[in-house]
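Residue-level listing of the chains:
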Amino acid sequence: MGSLMADLRYAVRGLVKSPGFSVVAVLTLTLGIGANTAIFSTVDAVLLRDPPFQEPGRLVVLWEQNPTQERLREPVSAANFRDWRKESRVFQDLAAWVPWGHTLTGEGEPQEIESVRVSGTLFSLLGVGPRLGRAILAEDEQPGRDQVLVLSHAFWVQHFAADPRIIGRVLRLDDAPLTVIGVMPADFRFPGNERVAMWLPLTFSPSELVTRSERRFQVIGRLAAGQSYPRAREEMATISSRLALAHPASNTGWGVSLAPLREVMAGTARRPLLILLGAAGFVLLIACANVAHLSLARAAHRARELGIRAALGAGQLRLTRLLLAESVVLACLGGLGGVALAFGGVDVVAKLGAAHLPAWSMVRVDARVLGFAAAASALTALACGLAPAFRASWSDPRASIERGSGASASGVSQLRQILIVGEIGISFILLVGAGLLLRSFDNLVREDPGFQPSRLLAATIFLPEHKYKDDIQEEAFFATLLERVRGAPGVLTAGAVTSLPLNPLGIDYALPFEVAGESASLPSDAPRIDFRVASPDYFRTLGVPLLGGRDFGERDRDNTPRVVIINRALAQRFFGSTFAIGRHVLIGGGIGRAEIVAVVGDVRHGGLDARPGPEMYVPLAQYPHGGMTVVVRTRGDPSALAPVLKDQVRAIDPTLAISQLTTLPQLLSESLSRQRFTSILLGSFAAVALGVASLGIYGVLAYIVSQRTREIGVRMALGARPLMMLEWVLRRGLALAAIGVGVGLAGALLVTRLLAGLLHEVTPHDPTTFVGIAILILVVASLACAVPAAHAARVDPMVALRSE
Amino acid sequence: MLPIDPLIRMQGISKIFHTEEVETHALSLVDLEVRAGDYLAITGPSGCGKTTLLSLLGLLDSPSEGSYVLAGEPVSTLSPAQRARVRSRAIGFIFQAFNLIGDLTVRQNVELPLKYRGLPAQERRDLTHQALEKVGMLHRLNHYPAQLSGGQQQRVAVARAVAGRPLVLLADEPTGNLDSRNGEMVMDLLAGLHAGGATICMVTHDSRYLAAALRTVHLFDGRLVSNEPPRREVA
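Line order of the protein sequences matches chains Z and U.
Each residue of the first sequence is one higher than the one before, counting from 1 in our numbering.
Each residue of the second sequence is one higher than the one before, counting from 1001 in our numbering.
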């Protein structure tokens, strides 16, 4: 132990005496370890850490599916859920929930609350208890006993200052009094939505229990002891077959799909996060390679000292330990620096990922992450130090003492060159990945959304059912609101729709659709088409082109013939090249026969990376809805009109809350958050990798020039001009870079296939990106060679005459 | 008989090195002429300026004062790039430490100055073969310096120096790193080259080899203190 401490002290002294080497090495390792720690903290929170439920591995999410209709994860009907619960033996229990918006009044301004109605057994199924009070129980599902609610921890803190006397407090939701019975813990993550503010009991209505085609509910189950996931799939397939036989009209073709809860909670974040973790690992590898070849050169310079130690009796393992001590010190310092960097990095990652990362609020540097950093530092110490230590300690001591260089300079140089080729190769892979993602992002941003997003303000309003009891009241509210908004200063046009493009909030569903033929009824296998309700002027406001026909207008009332507007995709699918306007169609959901009065342009509703699908629109006056998004095109900055819009809503009904007030450019930006997250982070890693690899090239070439100064002098004595020596160094550097690019090319062809699902309008083997990155690396390598090349050109040929 | 212009004419050559506040006068007011076919030995104690004089003769450096005319062309004020061009054509170097490049084969080492001159590949090959044949090392064409003895390396170095048929050969202690047998061998090579018409300037400490030269110049403290006339007429 004493000699180990002596080695460490000696290592620290040696590093202090070489501040240039030490600073570069520590900074390089800080970047590598810091990047890995920050990304690991995200991966840990989102993918690795168990959700805070009891035995989360036994929790399964269930959906209804109809493969022929390409509907693979659909919500479940209440009736089907009840039957699953009754018949299943594999599941210990099943619970259901449905998102539900409520307006909270009496606590300041009316506000729309994101809440969820849940089965009474949900919390016991999850195995989670509240922090205060009690959770919702089965008995709370009874009518008359369901006027209770449980608050989320965040809502309790933000709105009630974490008042411990909250239990028993009465809140008014949709004008109804509800009693707070509990507060959930801070680390509770609701599987369906991590931003839920409240939970209320779920009570199925009588019609929900008979209408099996009304599929609205999310379902989660806990496997019974001894049961397995494959067994659950088998059983649910059997149950759904029985239900299809018993209820053919609603259940034919419908089955059940399942997925482990953890997989569902990770969502679409899994692949990008794993790719980023791999990229961060590559950065650390490059950092280690860089420090390794700095250490190699350093060890070569200490060859005489090591030779003397060997002559005095030090064994090879002892010498190895002496050299490894420096790597350990560097790795420790790099680890500490990396952890410090990770604290800041985690904030950046969480901020970039807040819009789409599940569990983003749980991303932090904690004991597990610190443990990872420690392990990374230990591996780094070995990776950086082992090869140089072995090489130096196994050199011929006699040669080391006599010549002052043990391992031949060319041998050290060769190993360094091999390392630098590896670094360039890895940098190439990272840069190509980043380049592909950036091109993909650029393609996305340039994608035509199908409407004009600039100067558009949007507000989503859900009318409470207890107050707006019928269609007439709903239609009157939105008609009045639109009239008032259109008259406001600064407003060009206004319209409303049930579901705005790119907006996760809204009423979005599909109805059966068919071209009207001889039969007046829809076939049972009629395809389901996305269905939206729109006001007059909606398309004009949004900037969706009217390709033919007319917009909805005053003539489209409740007592006039039904009309529908379809988009180009729907027109092409059902009418091909024939004219659709004036044709009649059949629409499910109680709508019946309607005339096509217009065809509008396609809108990328689901996102810029989603192909526009077939859509139909019906007029608000004929199909009033209680939840609409009002969209306003303004003359100037749309956010400046937000207060005006709020005032107009309050002027009609002061108890109403606006669920979401945003601008379309903001929605567009948020819709790209996942791609932006991955592109920015991978781009940053790639830039760091290239910077570190460039430092490596510089280091190798500077070493070569310093080792070959005499040779350079001889060449110049023999007639080489300074420019020739500059070219000589550049050629060596570019040769290393070119070989590295070649190695990287082979790796990139394999690795970039992992990005296939993340790319938009660019292939994983896009030649432009590959060639562009190769050129970039060669240019950067040339710049890295510049200083050593300039040194070589300035070598005094007189050195050829000096004796060694 | 008309007088023949000297191949090398140095007049009033001085070289001053400046390091921080110290001025070192390595050479002072040196006048030297070397005619074609001459075999000149340069000698003197350590630090007398022999190496400096050789470096100026070989255009590795420029004089601080004075003029240097080589083959009728003034060369004392050339730029480093211009000096390198002249070196590759007109000067052949033989170093004490051989200075063969370890990563290159014997053939590549001898070809190197020819490459710098920009000669085409076939011509380079022919000149290389002729030079190696002259020194008896053609059979080691594809060997590396590390595979040769000291004497063999110096023979290759001589081949490298003469391959391009330079105007003058400059030898800096060519036998300094060799045993007496190999030293004799190298001196015989130089004698043979001289007999073939080569002009040679050789720095040496060894009094045994001074006798091989036709003329000896002595340097002391950077000055030419004696310039012994040739022992016989140059043809």
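Everything labelled a hint here was simulated from the structure, so no lab data went into it.
Hints should not be assumed to be uniformly reliable.
[Said to hold, decoys possible] One side only, chain Z facing chain U, incomplete, derived with CB under 10 Å:
1. Glu70
2. Asp366
3. Arg708
4. Gly713
5. Arg715
6. Leu801
Note that this is a predicted model, so its numbers are computed, not measured.
Glycine is no exception: its CB is placed at the ideal position from the N, C-alpha and C atoms.
Against the structure, the hints come out as follows:
1. Glu70: violated (65 Å)
2. Asp366: Given a least distance of 54 Å, the restraint on Asp366(Z) is violated.
3. Arg708: holds (9 Å)
4. Gly713: holds (8 Å)
5. Arg715: At 7 Å from the nearest chain U Cβ, Arg715(Z) passes the 10 Å test, so the hint holds.
6. Leu801: holds (5 Å)
Hint violations for this structure: numbers 1, 2, all remaining hints satisfied.
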